[in-house]
Amino acid sequence: MKILRKELKNGFKEFFWWFIGYSLLVFLMCFKTSAIVGIDGNQQMVALLSSFPKAFKNLFGLGVVDFSKVEGVYTILFMYMALVASFYSAISGFNVVSKEESMNTIEFLYVKPISRNRILLAKITSGFFYIILFSLLSYFVVIYSTNYIFDYWMNDFAILLSISLFFTMALFYSFCLFLSVLIKNMKVALNLGFASVIVAFLLLIMALTTEDTNLYKWIPRFLSPFWLFDARGLLLEGLSIIRISQALSFIIFSNAISFILHRNRDFLG
Amino acid sequence: MKNVYKYEFKTNFKTVLIWLISLMIVSWVLIVFYQSAILDIQEFNKFLSGYSEDLLKALQFDFSNLFSFENYFSGIILYINLCLAIEASILSFSIFTKELKLKLSDYLYSKPLTRSSILFQKFMAGLSLLVLEFLFLLAFNLVVANTLIPEVELVKLSIVDLSMFFVLIVFYSFSFFLSCIMKNWKNPNIRGIEITMIFFMFKIINNIGSSGDFVDYLKYISFFDYSDPRVLALNNFYSIENLCLILAIVVLSLLFGFSIFKRKNLQSS
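In order, the protein sequences belong to chains F and L.
For the first sequence, my numbering gives the first residue as 1, with consecutive numbering after it.
For the second sequence, my numbering gives the first residue as 1001, with consecutive numbering after it.
Read the hints as simulated data drawn from the structure, not as lab findings.
Note that the Cβ used here is the ideal one computed from N, Cα and C, for glycine as well.
Mixed in with the good hints, there may be bad ones.
To be verified - Distance condition first, Cα-Cα at most 25 angstroms in a straight line; then the derived SDA-like pairs of lysine to any residue:
1) LYS187/F / TYR1079/L
2) LYS187/F / ARG1191/L
3) LYS1006/L / LYS99/F
4) LYS1014/L / LEU192/F
5) LYS1183/L / VAL1251/L
6) LYS1098/L / ASN185/F
7) LYS99/F / LYS1101/L
8) LYS184/F / GLU1099/L
9) LYS1098/L / THR33/F
10) LYS1010/L / ASN185/F
11) LYS1183/L / SER102/F
12) LYS1098/L / THR105/F
13) LYS1014/L / LEU182/F
14) LYS9/F / ARG1191/L
15) LYS187/F / ILE1181/L
16) LYS1219/L / SER23/F
17) LYS6/F / LYS1014/L
18) LYS1014/L / ALA189/F
19) LYS1103/L / ASN185/F
20) LYS187/F / MET1197/L
21) LYS1101/L / ILE163/F
22) LYS1006/L / LEU1127/L
23) LYS1098/L / GLU107/F
24) LYS1219/L / LEU109/F
25) LYS9/F / MET1182/L
26) LYS187/F / PHE1013/L
27) LYS1101/L / GLU100/F
28) LYS187/F / LYS1006/L
29) LYS1103/L / PHE1009/L
30) LYS1103/L / ILE1181/L
As the list claims (entries may be wrong) - Not close to chain L: a few residues of chain F, all C-beta gaps over 10 angstroms, as computed:
31) PHE19
32) LYS32
33) LYS99
34) SER115
35) ILE260
Full structure from sequences and hints, please.
See below:
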C-alpha cells in the first residue's frame, strides 16, 4: 500500500503536464477544423472529393465518414489524439522498472520484505489508475471542446472515444512494460518501444489505405493497436466485442509474462 | 586525440543502425504502397481534366500535383521525421549525459584533454553518425523511388528528403544544448522524447485544417515547421526565413552549450 501511494504521488506530475498538453492539442485542433464543419452545401466539392483515388479516399475517410458533422471530423482528430496519448502511456510503461534502475534506487526497494510480485502489482496499479484517469478526463475535454467551439453536445461518441483511448493506452503501456522487463539494455528497449509506437501508427495508415480484399490488410490490422480502436470503425460499427477481447487478451497476456520475467530478472545494481 | 571520437562512434553505431534499417523498411513500404495506387491516380487525373479550370481555382486546391509522388511522400515523411527527431534527441542525450549519469566524469575529464575538445569530439561522433544515416536513407529513397515509380523527379524528391537532414541537425543540437544546461535530470532520454513530442504536437496542429488568426503564429514554435516537407514540395526550395531560423538555432545552441559546459561543475562519484 505504501508503494502504491508513493507511485501515485510520483506519477502525478508527469500525468499533469502530459494531460495539459493533450487538452491544449485537442482544443487547438478543434479550433482549426471549425472552418471545415458545415461545408456540406458545396455539391461540386463533394462530387470532386468522392472521385479521389480510392487509397487516398480511404486514408482521409472521404465518402466513408460525413465531414459535415462533428463526429466525422473527430475521426481524423482522434488519430493524433491517440498517438500523443500512447506516447504518454509508453513512457509511463517504461518508467515502471527502468526508472528505479537508472536512478540506482532499485537496491533499496528490492531488499524490503515485500515480494517482487507485490512491488510490480503496486506499480502497475498506479499506472493503470493514471491511464483510466487520462481517458476519463479526455471524455470531458472532448465534450467541452465540441460544446465550446462547435456548440454541439457529442455525448455518445465521446464515451466511445474515451473507451478506445483507454484500450490503446493500456496496450502500449503493457507492451512497453514487457519490453523493459524483457530486454536488458535499456537504451535498446527504449528505442524499440518508441519505434514500435510510430510503426503502429504507420501500420494504421497502411491498413486504412489498402483494399479490403488485400491480404496485406490483415497484417496491419492485427498488429496495430491504433487500428483496433480506430475512430472510423467506432463511428460506423460501434465497439466490436472481437476487437476488445483481442486487446484485452493481449494486455493480460503481456502483463502476465512481465510478472514472470520480472520475478526472474537480474537487476543491474 | 581521436580516441573519444572513435569510442563514441563505436558505442552508438548499433542503435543508429537499428533505426536506419527500420526506417529503410518503412520508407520502402510507403513507396510500394504508392506504386500500387498509381492506376487509380491516373484515372483520377483523367477525370480531373474534365473539370473547368475556373472551378478548380475556386476550390483553392492545387490539383495539378496533388497526387504526385513527391507530394504524397512529403505528407508521409513527417512520421519519418518524427522518428529521426526522437532518435537524434535520444542519441544526443545519451552521448552527453552518459558520464554524468554513470558518475564516470572524473575518469574522462581528468584525462589530458581540454573539456571543449572532449565535447567537440563527442559532438562530431554523433553528428557524423547522423549524417551517415541521412546519406544512406537519401540514397535508399532515391534508388527505390527511381526503380519503382516511373515518373519521379529525383531532384524534387531529394529536396523533400533534405528536410530529414535539417530535422536531425536541429534536434541534435537543441538536445545537446539541453543536456549541457541541465543539472540533474532523472531520466534524460525520456525527457528528450517529451520535448520532441511537444514540438510534434504543434506540428500536428499546424497540419490540420484551415489557418486561423492566432494559430498561424504557432508555426514559429515547432522545429518541424522550419523544414516543412509539404511547403518544400510546393515551392521546390526552402524559404530564406526558415533556413535562417534553422541556422540560428544550431549556432546558438552550440555556442551556449559549449560555453555553459566549460564552466559546469561536474558531479563526480
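Check: Is it true that the CA of LYS6/F sits at most 25 angstroms from the CA of LYS1014/L?
Finding: violated, 37 angstroms
Notebook entry, point to check: Going straight from one Cα to the other, do LYS1006/L and LEU1127/L come out at no more than 25 angstroms?
Noted result: holds, 13 angstroms
Item checked: LYS184/F paired with GLU1099/L [C-alpha distance capped at 25 angstroms] -> holds, 20 angstroms
Notebook entry, point to check: Can the restraint linking LYS9/F and ARG1191/L be considered satisfied, given a maximum Cα separation of 25 angstroms?
Noted result: holds, 19 angstroms
Margin query: For ILE260/F, is the shortest CB-to-CB distance to chain L above 10 angstroms, so the non-interface label stands?
Written below: Given a closest Cβ separation of 26 angstroms, the condition holds.
Next item on the list: For the pair we were handed, LYS1219/L and LEU109/F, check the Cα-Cα distance against 25 angstroms.
Entry: violated, 45 angstroms
Next item on the list: With a cut-off of 25 angstroms on the C-alpha distance, tell me whether LYS1183/L and VAL1251/L pass.
Entry: Roughly 22 angstroms separates the two Cα atoms, so the pair holds.
Item checked: 25 angstroms limit on alpha-carbon distance, applied to hinted pair LYS1014/L and LEU182/F -> Holds, at roughly 19 angstroms.
Checklist line | Given hint GLU107/F paired with LYS1098/L - CA-CA distance at most 25 angstroms | finding: holds, 21 angstroms
Note to self: Run the distance test for LYS1098/L versus THR33/F: straight-line Cα separation, threshold 25 angstroms.
What the structure shows: violated, 43 angstroms
Notebook entry, point to check: Going straight from one Cα to the other, do LYS1098/L and THR105/F come out at no more than 25 angstroms?
Noted result: Measuring from Cα to Cα gives roughly 18 angstroms; hence the hint holds.
Check: Looking at LYS99/F again, its CB stays over 10 angstroms from all of chain L?
Finding: violated, 6 angstroms
Hints 3, 9, 17, 21, 24, 32 and 33, counting from the list given before, are not met by this structure.
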